[in-house]
Amino acid sequence: MTTQYTSAEMMTVTAARALENGSTCFVGIGLPSEAANLARLTHAPDVVLIYESGTLQTKPEVLPLSIGDGELCETALTTVSVPEMFRYWLQGGKVDVGFLGTAQIDRYCNLNTTLIGDYTAPKVRLPGGGGAPEIATNAGEIFITLKHSTRTFVDEVDFVTTLGFGRDGKGRDGVPNIGKGPTRVITDLCVMRPDPDTRELVVVSLHPGVSAAQVQEATGWEIRFAETLETTEAPSEKELSVLRELKDRTDRHHAGE
Amino acid sequence: MTTQYTSAEMMTVTAARALENGSTCFVGIGLPSEAANLARLTHAPDVVLIYESGTLQTKPEVLPLSIGDGELCETALTTVSVPEMFRYWLQGGKVDVGFLGTAQIDRYCNLNTTLIGDYTAPKVRLPGGGGAPEIATNAGEIFITLKHSTRTFVDEVDFVTTLGFGRDGKGRDGVPNIGKGPTRVITDLCVMRPDPDTRELVVVSLHPGVSAAQVQEATGWEIRFAETLETTEAPSEKELSVLRELKDRTDRHHAGE
Amino acid sequence: MAEFLNLHDAVARYVDDGATVAMEGFTHLIPFAAGHEIIRQGKRDLTLIRMTPDLIYDQLIGAGCVRKLIFSWGGNPGVGSLHRLRDAVEKDYPNHVEILEHSHAAMACAYEAGASGLPLAVLRGYVGSDLPKVNDQIKFIECPFTGEKLAAVPSIRPDVSVVHAQKADRKGNVLVEGIIGVQKEAVLAARHSIVTVEEIVDDLGATPNACVIPGWAVSTVAVAEKGAYPSYAHGYYPRNNRFYKEWDAIARDRGAFNEWLEKNVLTAGGDA
Amino acid sequence: MAEFLNLHDAVARYVDDGATVAMEGFTHLIPFAAGHEIIRQGKRDLTLIRMTPDLIYDQLIGAGCVRKLIFSWGGNPGVGSLHRLRDAVEKDYPNHVEILEHSHAAMACAYEAGASGLPLAVLRGYVGSDLPKVNDQIKFIECPFTGEKLAAVPSIRPDVSVVHAQKADRKGNVLVEGIIGVQKEAVLAARHSIVTVEEIVDDLGATPNACVIPGWAVSTVAVAEKGAYPSYAHGYYPRNNRFYKEWDAIARDRGAFNEWLEKNVLTAGGDA
Chain A
1 MTTQYTSAEM MTVTAARALE NGSTCFVGIG LPSEAANLAR LTHAPDVVLI
51 YESGTLQTKP EVLPLSIGDG ELCETALTTV SVPEMFRYWL QGGKVDVGFL
101 GTAQIDRYCN LNTTLIGDYT APKVRLPGGG GAPEIATNAG EIFITLKHST
151 RTFVDEVDFV TTLGFGRDGK GRDGVPNIGK GPTRVITDLC VMRPDPDTRE
201 LVVVSLHPGV SAAQVQEATG WEIRFAETLE TTEAPSEKEL SVLRELKDRT
251 DRHHAGE
Chain B
1 MTTQYTSAEM MTVTAARALE NGSTCFVGIG LPSEAANLAR LTHAPDVVLI
51 YESGTLQTKP EVLPLSIGDG ELCETALTTV SVPEMFRYWL QGGKVDVGFL
101 GTAQIDRYCN LNTTLIGDYT APKVRLPGGG GAPEIATNAG EIFITLKHST
151 RTFVDEVDFV TTLGFGRDGK GRDGVPNIGK GPTRVITDLC VMRPDPDTRE
201 LVVVSLHPGV SAAQVQEATG WEIRFAETLE TTEAPSEKEL SVLRELKDRT
251 DRHHAGE
Chain C
1 MAEFLNLHDA VARYVDDGAT VAMEGFTHLI PFAAGHEIIR QGKRDLTLIR
51 MTPDLIYDQL IGAGCVRKLI FSWGGNPGVG SLHRLRDAVE KDYPNHVEIL
101 EHSHAAMACA YEAGASGLPL AVLRGYVGSD LPKVNDQIKF IECPFTGEKL
151 AAVPSIRPDV SVVHAQKADR KGNVLVEGII GVQKEAVLAA RHSIVTVEEI
201 VDDLGATPNA CVIPGWAVST VAVAEKGAYP SYAHGYYPRN NRFYKEWDAI
251 ARDRGAFNEW LEKNVLTAGG DA
Chain D
1 MAEFLNLHDA VARYVDDGAT VAMEGFTHLI PFAAGHEIIR QGKRDLTLIR
51 MTPDLIYDQL IGAGCVRKLI FSWGGNPGVG SLHRLRDAVE KDYPNHVEIL
101 EHSHAAMACA YEAGASGLPL AVLRGYVGSD LPKVNDQIKF IECPFTGEKL
151 AAVPSIRPDV SVVHAQKADR KGNVLVEGII GVQKEAVLAA RHSIVTVEEI
201 VDDLGATPNA CVIPGWAVST VAVAEKGAYP SYAHGYYPRN NRFYKEWDAI
251 ARDRGAFNEW LEKNVLTAGG DA
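Chains as they are written, first to last, in the numbering used here: chain A, 1 to 257; chain B, 1 to 257; chain C, 1 to 272; chain D, 1 to 272.
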């Protein structure tokens with residue numbers, strides 16, 4: 001019997017699975033936070049979650065609405081200052097995986113969270129870089145998760161807020177003391193990895209029921225597919241029930257004040 | 001009736017008086033620590049004492065033997081890391097007065113705590129700079145206290161561990177963001193201040209019963225005397241009793257383990 | 001020692017028109033009461049610094065207090081945009097607001113450098129980002145030992161920093177607990193500082209290495225009960241997440257915002 | 001997660017001949033037990049880093065473990081010289097020890113920079129001092145914003161750092177309390193780290209902003225009761241000031257030192 005699930009759930013479960021037990025993850029708010037906590041509540045009980053608010057090794061019962069919710073501090077091993085977080089823990093090389101979302105991404109995994117349009121006369125002003133520019137370069141590797149659409153997967157990002165592999169795919173070449181960069185991108189349709197040589201994103205796995213054409217349609221450039229394209233494993237009963245309980249708890253918690 | 005006192009007590013009492021109530025003092029171990037705590041226990045109850053071990057606003061009951069005695073932490077408002085102490089509190093400009101001792105001093109208040117003789121083949125190896133080099137330049141002003149002798153007051157220090165006013169008296173001229181430097185030197189014989197123009201040390205006050213000849217004899221260069229030479233006020237009963245009780249408490253405390 | 005003033009007098013004394021003001025609190029302990037007092041006193045032409053502008057700066061910008069914003073992430077956390085900020089940047093309403101943007105790492109380091117009395121912060125940052133193209137305050141230096149190219153940004157040295165904390169004792173020593181953000185750095189980096197607190201107590205009850213800011217490192221302490229509301233104060237009250245969500249609709253519309261401001265800040269006296 | 005080893009195995013695994021080793025603890029929590037274990041295992045050619053060498057390095061130097069010392073204040077606090085250090089530097093006994101000396105501010109910043117993953121530390125330091133003349137690792141850079149000349153020193157990145165702390169929990173998370181010195185920075189700056197603790201507990205009982213080093217940032221935790229003795233452990237035992245005074249006579253004489261070493265370290269098993 002197959003359990004019903006949404007494409008959003010498929011995305012979160014797949015993103016969660018990417019996190020290895022015992023690894024140290026610097027967690028972005030939103031989708032990454034959901035995936036990272038699902039990982040912690042399923043296959044990766046000893047994953048270490050770090051939020052930029054200074055909360056080290058936190059185990060929130062409910063998903064935080066903001067990066068600095070009280071829940072994160074109350075369930076953390078300890079809470080350090082924000083300068084210490086960025087200096088000792090991120091730049092100091094203690095983070096295995098940075099888990100990011102984004103508003104726009106291009107074929108070389110460059111991320112834009114700054115604006116749509118021209119910098120001096122933006123069509124849409126987005127929140128800005130936040131922690132991402134240095135998470136992307138100072139963490140061991142980067143996972144990115146976001147919804148797949150031609151609005152998000154664009155031929156050229158309007159602004160490189162955060163380095164993937166640069167406009168030409170060579171942005172990390174020869175740069176000392178830099179992380180591996182994005183190693184996988186997980187959407188509601190598929191999983192992509194950068195080509196080891198060109199760094200261009202390649203679809204390596206389609207979620208069950210998703211066609212290559214659907215992915216192409218939702219992507220703003222002619223996207224490459226791996227020769228042997230896998231099918232992502234569907235969410236298990238366990239993964240779904242844990243995720244749904246987590247989201248229910250979260251909704252109930254944030255519904256009050 | 002005049003109370004008997006030693007020249008060491010005269011020195012400590014005079015050094016203590018230099019500290020204003022409410023000022024913030026970065027305290028060196030030994031004589032400065034004794035004077036600073038005497039000040040706190042007499043005319044300056046709100047003087048803020050800071051030790052380089054990270055103890056902020058500490059009020060030790062007994063004098064510490066080391067710069068990091070437990071007593072300093074237990075009686076402190078809070079204790080910060082040593083990097084924070086040097087970065088935020090000293091370099092950050094929060095210290096009004098640095099209170100230092102030294103092994104050698106010259107006419108321009110340059111201090112040597114590194115060695116006697118040549119650097120590569122020292123006659124006597126001293127402990128080194130410790131906190132002094134940056135206390136002397138990053139605190140608002142500097143008080144120095146030490147015993148007067150031709151071994152300590154030398155024509156040329158063997159090594160400038162810590163800047164007074166440089167070998168020529170001009171070492172602070174034109175340097176941005178630097179403190180006023182030494183403003184008084186207090187010994188068991190007298191009080192000296194740097195000449196406002198040349199920065200050369202000038203004896204401004206002789207302790208009771210001390211002659212100018214005695215000071216000259218204990219100084220390794222031809223020392224200048226102010227035109228109107230004052231006599232330092234003798235220690236009061238109160239100052240002496242507080243100092244002696246402090247030293248008695250200290251001796252009893254450190255006599256055990 | 002910190003002087004105890006009421007919030008009105010603290011703001012009147014230390015926040016001048018045209019001043020550079022940092023109001024910090026990383027999601028936690030955001031000094032809303034002080035922000036409202038600045039709005040009520042009609043301060044103008046402020047340069048505001050803050051890592052995460054949040055609703056507090058949306059309100060100050062919407063009220064017309066702000067000329068320039070230095071920040072690294074400007075949004076309503078978990079909800080969406082700051083519409084008053086966008087309206088000012090995109091449509092010059094109520095006035096044009098100039099922006100200068102950094103990354104979090106750079107701003108955190110710049111506060112740290114400011115507290116450390118240094119003119120610059122050095123970090124391994126901005127690699128491959130377009131931010132240095134639009135922010136001329138981001139430069140690069142070469143390490144004299146390794147030759148590595150590292151980013152440098154000016155340290156943050158505000159005219160006045162404003163933070164909220166749980167409590168102060170009667171000497172003005174302040175205890176900050178929980179998510180401490182860059183509050184201590186903001187206070188130490190500034191020429192003057194205003195700390196609002198939930199309460200004044202006889203004894204802070206702090207552990208040996210707690211985050212305590214000594215009273216002599218603070219200009220003034222003002223009591224502001226629920227002074228961080230609708231953000232939260234660890235140990236006192238939770239975040240009003242609902243208000244953060246409701247803010248989206250209020251701030252989206254100029255009329256709704258002005259009405260909200262009139263009712264909840266301008267005519268609300270010192271208690272809002 | 002930190003591995004739990006006994007002190008012998010921890011030292012055997014992580015302290016190699018020729019390694020660069022930082023053993024920290026600012027008067028408080030000096031890792032004497034680990035130092036003695038290094039002596040017993042006959043480690044050689046170590047480059048030792050420590051702000052205040054203290055008796056622990058006097059012992060390591062006297063025992064012939066050391067080739068080079070990087071430090072900023074080398075004395076017996078409140079007592080006088082470190083005679084084994086002086087004998088090595090001045091008379092090459094038991095072997096020549098090269099020294100590289102800094103100021104405290106520079107070393108503290110260098111640890112901070114090491115923990116921060118940077119190659120250099122920048123500070124307003126060494127102005128007018130002769131130390132840059134005898135230490136070629138002190139350079140000066142120019143601030144690209146203000147033109148101010150600032151000192152730069154290489155960050156400290158030891159092969160292994162050794163510190164002592166009050167307690168660890170069963171996951172190897174470590175609580176350090178009281179005078180915390182540069183212990184956390186030393187651990188985070190190093191490739192490997194050994195933390196000795198007074199005891200292992202179920203719950204650290206730490207307040208929200210306590211100085212806790214997570215187990216995954218530590219290589220190994222080893223129990224060493226009274227492991228900081230004759231220095232002290234806040235909450236456990238006081239400093240043995242008498243021993244610090246007695247050390248002066250012991251260390252002054254080569255024979256007395258060797259006798260002390262034989263009796264109290266070499267033949268004392270893992271308990272000294």
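Keep in mind that the hints were calculated from the coordinates and are not lab data. Predicted model, so just to flag it, every value in this text is computed and none were measured. Accuracy of the hints is not assured; some may be wrong.
What the hints assert, rightly or not - Label pairs and their computed distance ranges (CB to CB):
id, chain 1, residue 1, chain 2, residue 2, range
1, A, Glu227, C, Asn95, 55 to 61 Å
2, D, Ala256, B, Lys123, 19 to 25 Å
3, B, Glu217, D, Arg252, 27 to 33 Å
4, A, Lys123, C, Lys245, 48 to 54 Å
5, D, Phe4, A, Lys247, 33 to 39 Å
6, B, Asp118, D, Arg252, 19 to 25 Å
7, B, Thr183, C, Lys91, 56 to 62 Å
8, D, Asp136, C, Lys245, 37 to 43 Å
9, D, Asp136, C, Asp45, 47 to 53 Å
10, D, Arg252, B, Ala255, 18 to 24 Å
11, D, Lys149, B, Leu229, 49 to 55 Å
The C-beta atom is built at its ideal place from N, Cα and C for all residues, glycine as well.
Of the numbered hints stated earlier in the document, which are not met by this structure? 4, 8, 11
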